[in-house]
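Kindly produce the complete structure, drawing on both the sequences and the hints.
Number of protein chains: 2
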Amino acid sequence: MVDYSPAMMTDMYEYTMLDAALKDGTANRKCVFEIFTRHLPEGRRYGVVAGTGRILDALERFHLDDDDLRFLSDRKIVSAETIAWLERFHFSGSIKGYREGEMFFPNSPVLQVEGTFGECTLLETLLLSILNYDCAVASAASRMVTAAKDRPCMDMGGRRTNEWSAVAASRAAVVGGFQGTANLLAAQLYGLKAIGTAAHCFTLVHDSERDAFISQINALGKNTTLLVDTYNIEEAVKTAVEVAGPELGGVRIDSGDLAALAQRVRNQLDALGATNTKITVTNDLDEYALAALQTAPVDSYGVGTRLVTGSGAPTCAM
Amino acid sequence: MVDYSPAMMTDMYEYTMLDAALKDGTANRKCVFEIFTRHLPEGRRYGVVAGTGRILDALERFHLDDDDLRFLSDRKIVSAETIAWLERFHFSGSIKGYREGEMFFPNSPVLQVEGTFGECTLLETLLLSILNYDCAVASAASRMVTAAKDRPCMDMGGRRTNEWSAVAASRAAVVGGFQGTANLLAAQLYGLKAIGTAAHCFTLVHDSERDAFISQINALGKNTTLLVDTYNIEEAVKTAVEVAGPELGGVRIDSGDLAALAQRVRNQLDALGATNTKITVTNDLDEYALAALQTAPVDSYGVGTRLVTGSGAPTCAM
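The listed protein sequences derive, respectively, from chains A and B.
In terms of the working numbering, the first sequence opens at residue 1 and continues consecutively.
In terms of the working numbering, the second sequence opens at residue 319 and continues consecutively.
Hints may contain errors.
[What the hints assert, rightly or not] Okay, derived cross-link-like pairs now, EDC-like style, lysine to aspartate or glutamate, Cα gap no bigger than 16 Å in a straight line:
1) B/K414 / B/D392
2) A/K222 / A/E247
3) B/K414 / B/E442
4) A/K193 / B/D392
5) A/K278 / A/D150
6) A/K96 / A/E34
7) B/K556 / B/D529
8) A/K30 / B/D525
9) B/K540 / B/E565
10) B/K348 / A/D207
11) B/K540 / B/E560
12) B/K341 / B/E399
13) A/K23 / A/E119
14) A/K23 / B/D529
15) B/K556 / B/D588
16) A/K96 / A/E124
17) B/K341 / A/D211
18) B/K511 / A/D74
[Stated by the list, open to error] Looking from chain B toward chain A, a few residues come up when the C-beta cut is under 7 Å (computed):
19) M327
20) D342
21) T443
22) T479
23) S483
24) Q506
25) Y508
26) S533
27) T633
Hints in this document: simulated from the structure, not taken from any laboratory.
These numbers come from a predicted model, not from an experiment.
Here a beta-carbon is modelled for each residue, glycine too, at the ideal position from N, C-alpha and C.
Listed below in C-alpha cells is the structure:
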C-alpha cells in the first residue's frame, strides 16, 4: 500500500504556471494541448501507441489530498487562492486520441487534450510520462513480435527497469503483441497471462541438477519448462527427459549460441522421443537476435532488457 | 492512492521456485545472494550506487494481503501450503551493501542478501529492479555533474520516463550530485529541492510575451527565471529586463546553439545592467553537451531525457 496522487507526479512549473495564470485570468482561456513526436528513432518507420488505458486510470485518481495541498502551500509553490482552486479541481475538458496498439508517425497527435489552460497544464507532465514510456516499450515489442514471426514472445524484463516501469512495460508489451509476462503485479492488475518456472539459483540450491528437476516436476507437473544450461546442456536434457519422460513440457536455454544450441537440443529431444517438448530461449534478446533466430527450432522467446528499455529508444521524444 | 504490494512486483518464477523448494525442503537452506554487474557500459570506468534507501522503504511494506494471496492461489501459482507460509512471511536474514553515492565496479557485490533460499528468492526481482534503474540514473548524473564542474545540475526529466521512474530518477540524480528536481512527488517524498517556473505554453497563452513576463513576476517575484526563447531571444531579454528590472533572477534558454546564445544573452544582460541575472540552459543536454559548455557563461543546467534514461545505459546489467 502506498499513498500517492498522480497529480503530484508532475513538474513543479505546471503548478507555478497555474498560479500565475489564475492571478491574471488566462487560466480560463480555452486551449488544445497536442502530444506528438517530432521524429521517430533512427531507423524506425513507425511507433505503437500504448498507455492510454493507464492514463484513464490515473485521471480517475487525479486529485490532491490534504498532505499534497499542505506541501504546495508550505513550499510556497502556489498561493492560497490557487490552493482553494485545487481543492475544487475537476477536469472539465475532453481528451481524444489514437487507440492503443495503433501505429503513430511524426507530427500526428497521439493525444489531444482540450480544456482551459489551467486544467490542461496540470495534466501535461503525467500524460507525457505515461505515453513516452509505454509507447517506447510497445514500439519495441511490436518490432520484436514481427521479427519473431509466429513464435510467442514473453516479457521477462522486470528486473532490468524500475519496479513500476516493469508493471507498465508488461502491459505495453502485450499491447505491442507479446503474449504474456513474468511480472505478477502486471498480471494481477491487467489480467495478463503470467509465465515462469525456475532460475539457475533453483538448480544451485539443490544437491544435483536431477534433484532440482525432480522437485520442479513434483511441484509444477511434467508440463513445466526445465532450465537446462546451469552446467552441461546435453547432460541436462538427458536428465530432464529421464525425470519427466517424453511428456516434458519444455526446456529453456539462457546462454551461449542460442541458434546452434537450439538445434542441438531439438535433435537430442527428438532422439529421446520428446518430440513435443518445446524449446524456449532467453538471454539478452533483441529484435535483431530474434530475426537471426528465425530458422532455429525455437518455440518461444523470453525477452528482457531490450524490451523494457525500448530497444535503444527508451523514450519517444514526445 | 494506489493499492499495491512490492511483494507482487516480481517475476512469477520467484514464487514457483519457492513453492517447489518448500515442498522438497531446500527452502530452508542458508544462501547468500549477491547483486553485482559483470561489466560497465562501454566507455565507463565506474558506476554510482543508488536505490538502497528505496529498497529499505520497499522491504518495510513487503507483505502479501488477502487479494494477493487469492491471486496466487486462484492462478495456481503456488500451493495451499505455500500460501500458508506466505501469510506468515517475515524476512529473517540480513542485507549488507555499499552506501548510496559510492562508486561500484564490475564483479564486486553492491548488495549481499543472506538468509534462507525461500526468503532470499522472494526479494530478488524487486532488489534488482530498484538497483538496476536507480544506479543507472545515479551513474549518469555523476558523469554529468563532473562535466558541469561547479555549476548546479537540476533534474527536469520526469516527462521522458515512466511516472514512477521519474520519482526514483529525481532521488537517484541527487544521490549522483544533482542539486534539485522539477518533480514534485520526489521533492515531497524525499525532501528534495524543487525547481521550476514556466514553459513555452505559458508565454503562448498570453496575448504577448510581455504580458506573460509581467504575470510571472507578479506571481513569483523578480527573482524568478523567465523563459526567453519562445519568439526572439534578444527581444525577450530586453522585455524581461524592462519588466523585472536588473534584479531579474534568471533567464532560461531552451533551444538553439546554447553556447553561442548564452554568450550573446550574457553580453546583453550585462549591457542592460542585469549583471547578477543568472542564465539557465536546457534542451536535450547530456554529459558531452555539458562538457562542451564549460567555457560558456552558463549558471545552471536543467537535464532531462539523458538523465532519466541513464545516458545511453538505461540499466546496469545486474
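* **Numbered hints the structure breaks, given as an ascending list** => 1, 25
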